[in-house]
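*Asks:* Keeping their order, the protein sequence lines are chains A and B. To convert, note that position 49 of the first sequence is 49 in UniProt numbering; the numbers rise steadily by one, no gaps. To convert, note that position 400 of the second sequence is 400 in UniProt numbering; the numbers rise steadily by one, no gaps.
For the record, the hints were derived by calculation from the structure and aren't laboratory data. Hints are not guaranteed to be accurate.
What the hints assert, rightly or not - Computed, partial: chain B to chain A, Cβ under 8 Å:
#1 Thr116
#2 Phe118
#3 Val203
#4 Gly649
Note that the Cβ used here is the ideal one computed from N, Cα and C, for glycine as well.
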Amino acid sequence: MPRIQLNVNKRMYELEISPWVSLLDALRDRLNLTGTKKGCDHGQCGACTILCDGKRILSCMTLAIMKNGAEVVTIEGVSEGQKLHPLQQAFIDHDAFQCGYCTPGQICSAIGMLAEGKAKTREEVKDLMSGNLCRCGANIGIIDAIMEIHGGLSHE
Amino acid sequence: MTQDNNAVGKPLSRLEGKAKVTGEAAYAGDYQVPNLLYGYVVNSTITKGKIVSIDVSDAKSYNGVIAIFTHENRPDYASLDLKHADMDAPPGKVFKPLQNGDIKFHGQPIALVVATDFETARYASTLVKIKYEEQPFETDLEKNLGRAREPKKGLATALKPPPPKPKGDFEKAYEQSPFKVSTEFIHGTEHHNPIELFATTVVYEGDGKLTIYDKTQGTVNNQVYVANVFGLHYKDVRVLAPYVGGAFGSGLRPQYQLFLCAMAALELKRNVRLTLERKQMFSFSHRPQAHQILKFSADKEGMVTGLSHAAIGETSLYEDNIEIVSSWSNRLYPAENTHFEYKLVPLCLHSPIDMRAPGGSTGMHAIECTMDELAFKLNVDPLEFRLRNYAEMDPESEKPFTSKALRECYIKGAEKFGWHQRNPIPGSMSKGNKLIGYGMASGIWDAYQFPARVEASISSQGKLLISNATTDIGTGTLTVMTQIAADEFGLSIQDVSFVYGDSKQPFSMFQGGSAITASTGVAIVVAAKALKKKLIKKVKALANSPFHVFQDDAIVFRGGKMMVKHEPSVSISLEEIIVANKGRAIKTTNMGKPHLLKLRKYSKATHSAAFVEVEIDRELKTINVTRAVTAVAAGKIINPKTARSQILGSMVWSLSKALREETILDSTLGKYMNPNLAEYHIPVHADVHDFDVVFVEEKDELINELGVKGVGEIGLIAMPAAITNAIFHATGKRIYKLPIHFDELLKDRIA
Numbered sequence: 001m002p003r004i005q006l007n008v009n010k011r012m013y014e015l016e017i018s019p020w021v022s023l024l025d026a027l028r029d030r031l032n033l034t035g036t037k038k039g040c041d042h043g044q045c046g047a048c049t050i051l052c053d054g055k056r057i058l059s060c061m062t063l064a065i066m067k068n069g070a071e072v073v074t075i076e077g078v079s080e081g082q083k084l085h086p087l088q089q090a091f092i093d094h095d096a097f098q099c100g101y102c103t104p105g106q107i108c109s110a111i112g113m114l115a116e117g118k119a120k121t122r123e124e125v126k127d128l129m130s131g132n133l134c135r136c137g138a139n140i141g142i143i144d145a146i147m148e149i150h151g152g153l154s155h156e
Numbered sequence: 001m002t003q004d005n006n007a008v009g010k011p012l013s014r015l016e017g018k019a020k021v022t023g024e025a026a027y028a029g030d031y032q033v034p035n036l037l038y039g040y041v042v043n044s045t046i047t048k049g050k051i052v053s054i055d056v057s058d059a060k061s062y063n064g065v066i067a068i069f070t071h072e073n074r075p076d077y078a079s080l081d082l083k084h085a086d087m088d089a090p091p092g093k094v095f096k097p098l099q100n101g102d103i104k105f106h107g108q109p110i111a112l113v114v115a116t117d118f119e120t121a122r123y124a125s126t127l128v129k130i131k132y133e134e135q136p137f138e139t140d141l142e143k144n145l146g147r148a149r150e151p152k153k154g155l156a157t158a159l160k161p162p163p164p165k166p167k168g169d170f171e172k173a174y175e176q177s178p179f180k181v182s183t184e185f186i187h188g189t190e191h192h193n194p195i196e197l198f199a200t201t202v203v204y205e206g207d208g209k210l211t212i213y214d215k216t217q218g219t220v221n222n223q224v225y226v227a228n229v230f231g232l233h234y235k236d237v238r239v240l241a242p243y244v245g246g247a248f249g250s251g252l253r254p255q256y257q258l259f260l261c262a263m264a265a266l267e268l269k270r271n272v273r274l275t276l277e278r279k280q281m282f283s284f285s286h287r288p289q290a291h292q293i294l295k296f297s298a299d300k301e302g303m304v305t306g307l308s309h310a311a312i313g314e315t316s317l318y319e320d321n322i323e324i325v326s327s328w329s330n331r332l333y334p335a336e337n338t339h340f341e342y343k344l345v346p347l348c349l350h351s352p353i354d355m356r357a358p359g360g361s362t363g364m365h366a367i368e369c370t371m372d373e374l375a376f377k378l379n380v381d382p383l384e385f386r387l388r389n390y391a392e393m394d395p396e397s398e399k400p401f402t403s404k405a406l407r408e409c410y411i412k413g414a415e416k417f418g419w420h421q422r423n424p425i426p427g428s429m430s431k432g433n434k435l436i437g438y439g440m441a442s443g444i445w446d447a448y449q450f451p452a453r454v455e456a457s458i459s460s461q462g463k464l465l466i467s468n469a470t471t472d473i474g475t476g477t478l479t480v481m482t483q484i485a486a487d488e489f490g491l492s493i494q495d496v497s498f499v500y501g502d503s504k505q506p507f508s509m510f511q512g513g514s515a516i517t518a519s520t521g522v523a524i525v526v527a528a529k530a531l532k533k534k535l536i537k538k539v540k541a542l543a544n545s546p547f548h549v550f551q552d553d554a555i556v557f558r559g560g561k562m563m564v565k566h567e568p569s570v571s572i573s574l575e576e577i578i579v580a581n582k583g584r585a586i587k588t589t590n591m592g593k594p595h596l597l598k599l600r601k602y603s604k605a606t607h608s609a610a611f612v613e614v615e616i617d618r619e620l621k622t623i624n625v626t627r628a629v630t631a632v633a634a635g636k637i638i639n640p641k642t643a644r645s646q647i648l649g650s651m652v653w654s655l656s657k658a659l660r661e662e663t664i665l666d667s668t669l670g671k672y673m674n675p676n677l678a679e680y681h682i683p684v685h686a687d688v689h690d691f692d693v694v695f696v697e698e699k700d701e702l703i704n705e706l707g708v709k710g711v712g713e714i715g716l717i718a719m720p721a722a723i724t725n726a727i728f729h730a731t732g733k734r735i736y737k738l739p740i741h742f743d744e745l746l747k748d749r750i751a
């Protein structure tokens with residue numbers, strides 16, 4: 001069985017893992033990091049979005065062995081200890097979730113999207129966040145929360 | 001600072017917010033338990049027939065496979081239908097997984113593979129070889145309308161009564177009315193599709209005891225179901241669902257992953273997890289297909305003279321799933337001549353299950369589009385037409401409403417939207433290359449309340465603990481219940497804990513019908529009052545108690561203290577009461593229930609009015625909902641932040657229902673063709689624009705102790721019709737089938 005190393009949330013893990021295991025299932029079932037969610041397992045909903053080497057990726061569409069040596073940040077690693085990431089706080093303030101299931105993916109995706117630096121306007125943010133579905137219909141709160149942080153960045 | 005009954009009405013952020021943004025919130029498939037086995041379900045690939053043979057030998061011998069369950073080797077379970085019928089079971093014979101080799105619908109679960117890991121279970125499932133004997137089937141409602149029959153009656157009929165009896169002489173009135181409209185609407189299948197996959201984690205505790213983490217809207221419902229089916233004592237089954245990743249009705253009944261997972265855990269005496277895949281989420285619940293024929297008439301003053309609404313819905317071969325589709329116009333518009341019908345056609349499909357605003361969103365779409373058409377014929381503004389036909393009393397029961405602020409919804413919604421800027425002529429408004437359309441519609445939904453029990457206690461630390469078995473499926477239940485309890489005791493939010501999502505806690509019905517705030521909320525009020533009485537009695541009984549000389553009603557609870565209202569110096573803290581009680585918590589359990597006797601004199605309902613602007617490309621006919629306002633009258637709003645989110649969510653669902661989501665059924669194959677989130681379209685962020693909510697608060701002292709009516713569904717009743725009507729206003733085209741695709745608007749050009 002292949003052995004891989006993964007740096008997840010600043011912690012090194014060594015894993016013996018079958019080639020058919022997705023990065024999503026490796027995180028959830030092997031590393032017990034269940035904050036990353038499975039909503040479709042087909043790259044259609046965005047619930048499994050994580051940050052891999054600083055970029056947002058769909059962990060269900062990625063085999064764990066493809067990411068040997070990569071640096072992964074999941075929702076569990078977004079805050080610094082008890083101090084929430086500003087986007088996490090903005091999600092709470094804007095009621096940017098109801099059931100909360102798509103939320104980890106929305107937040108990781110938004111952090112990746114902001115780092116890409118392509119979206120300048122609310123409409124562009126909406127476009128570039130449209131790979132993350134929310135069935136509760138919290139769309140407006142989600143975009144409001146991201147725009148609060150987006151605005152903060154552009155004023156820096 | 002003392003808190004004085006001021007949490008209710010505040011836009012408090014969700015108390016579980018931090019858990020949800022950090023990934024700490026654990027859903028049914030997230031629980032970490034030792035030595036866990038993983039299941040994977042094999043589903044039928046035919047629609048009707050029998051399993052001739054099922055060969056599991058290759059799958060069974062695959063390394064890592066622990067067991068395979070089929071109808072041939074499954075353990076015994078209760079044979080009586082009654083034992084399988086859950087609290088939400090409609091009349092009929094309930095579906096029993098792995099009962100025998102009969103196939104009743106496509107996607108029926110026919111085997112469970114259990115293995116040491118998920119990947120092995122999934123792969124081994126492909127090695128199971130099944131031979132079927134196929135039989136002919138019917139799955140298309142439109143092709144089987146002739147088989148429509150009256151629904152069977154059963155327990156569920158109490159909550160979903162048949163349509164009201166006719167009034168006057170509808171045929172004659174319709175014939176003689178100068179203005180009349182006849183319409184026919186077709187609604188296809190929809191699937192709930194919460195983003196969380198249905199999952200169950202069963203912890204085998206030994207001695208026939210199970211702890212179950214389940215995706216459900218009803219912990220007690222599923223607890224009793226598992227106990228009944230597998231012959232366990234109900235106290236030995238505990239169902240927990242503190243976090244539920246959306247459900248929208250799909251979790252009202254126990255689903256087959258719960259059955260299979262519990263069965264495997266009991267048989268193997270091991271911990272088992274079973275998570276369904278997205279395509280399997282299309283195999284156990286859906287909003288049924290519907291066909292509706294409406295005839296509305298009016299006199300020359302624009303008063304409605306006749307209402308006729310006949311609906312035909314779909315159900316399975318084994319149960320009669322009932323919706324209230326055709327009764328709603330009778331509760332909104334007074335008409336002297338009416339005729340209502342509701343029939344079912346049994347088809348080779350899984351039983352439908354209530355999906356957000358069941359029946360109401362289907363029926364009211366047809367009703368409010370027909371009203372719009374009638375207003376147009378009368379040359380009366382659609383809003384003016386509704387106001388002219390406003391029902392002060394419930395036309396159906398001829399009783400007054402406990403409260404009804406629909407008129408204020410119309411007025412405030414129209415004002416916020418800018419309805420007066422509408423030019424009544426279709427196609428007359430535009431912006432550049434876009435046609436602009438304004439549409440509106442009314443909404444009505446029932447105001448349900450179930451009985452519920454709540455335990456209230458003062459802990460040894462002097463904090464208030466409240467518990468009830470209800471779930472919080474994303475509605476804000478935790479936050480709202482905490483607010484209600486805090487105010488009852490004059491405590492700050494931090495000093496109140498609400499324990500929920502656990503069948504071990506006092507009884508709650510499933511979370512559905514927009515009923516839980518009224519149900520559990522009222523029980524909290526009742527239990528809190530009883531607890532205060534108990535505390536007063538305890539304190540008065542203490543030696544040298546200064547409270548002794550005061551009447552109970554002169555004593556209040558504020559800021560963590562019990563005190564005399566007009567002599568606040570006479571006080572004792574909750575902590576001190578507990579110390580005096582030798583450190584033991586003081587508790588009480590009470591039931592809250594609807595005041596049926598008092599409410600017999602009244603009708604009860606929530607109302608709404610939706611206003612929508614659409615932009616339609618002149619050439620391509622692409623449709624965009626650019627603005628929408630929904631005004632809601634639903635009694636008291638406990639938390640304007642979470643309540644607004646409920647309505648906004650329903651407005652996104654409305655957009656979805658009108659323009660996006662549909663399950664495509666191939667009636668030749670008898671199967672759903674788009675069971676995935678790439679082809680089952682729901683709105684994405686880029687589809688959702690300027691949506692706004694107006695709450696018109698009703699002071700309702702009759703409905704219940706809290707004056708609340710519920711907000712989970714009312715936002716989805718009016719807006720689909722408002723969108724359809726806006727499309728007519730922009731284009732002059734009436735579309736009678738949802739969802740509306742732009743090609744419908746291109747048809748004339750192509751022809």
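*Asks:* Taking the closest Cβ pair, is Val203/B under 8 Å from chain A?
*Replies:* It is violated, given that the least Cβ distance between Val203/B and chain A is near 16 Å, above 8 Å.
*Asks:* Grab the minimum C-beta distance from Thr116/B to chain A and call the hint holds if it beats 8 Å, violated otherwise.
*Replies:* It is violated, given that the least Cβ distance between Thr116/B and chain A is near 11 Å, above 8 Å.
*Asks:* Does the interface hint hold: is Phe118/B within less than 8 Å of chain A, judged Cβ to Cβ?
*Replies:* holds (6 Å)
*Asks:* Hint Gly649/B vs chain A: min CB-CB distance below 8 Å?
*Replies:* OK, holds: Gly649/B within 8 Å of chain A, min 3 Å.
In terms of the numbered hints stated before, the structure departs from hints 1 and 3, listed from lowest to highest.
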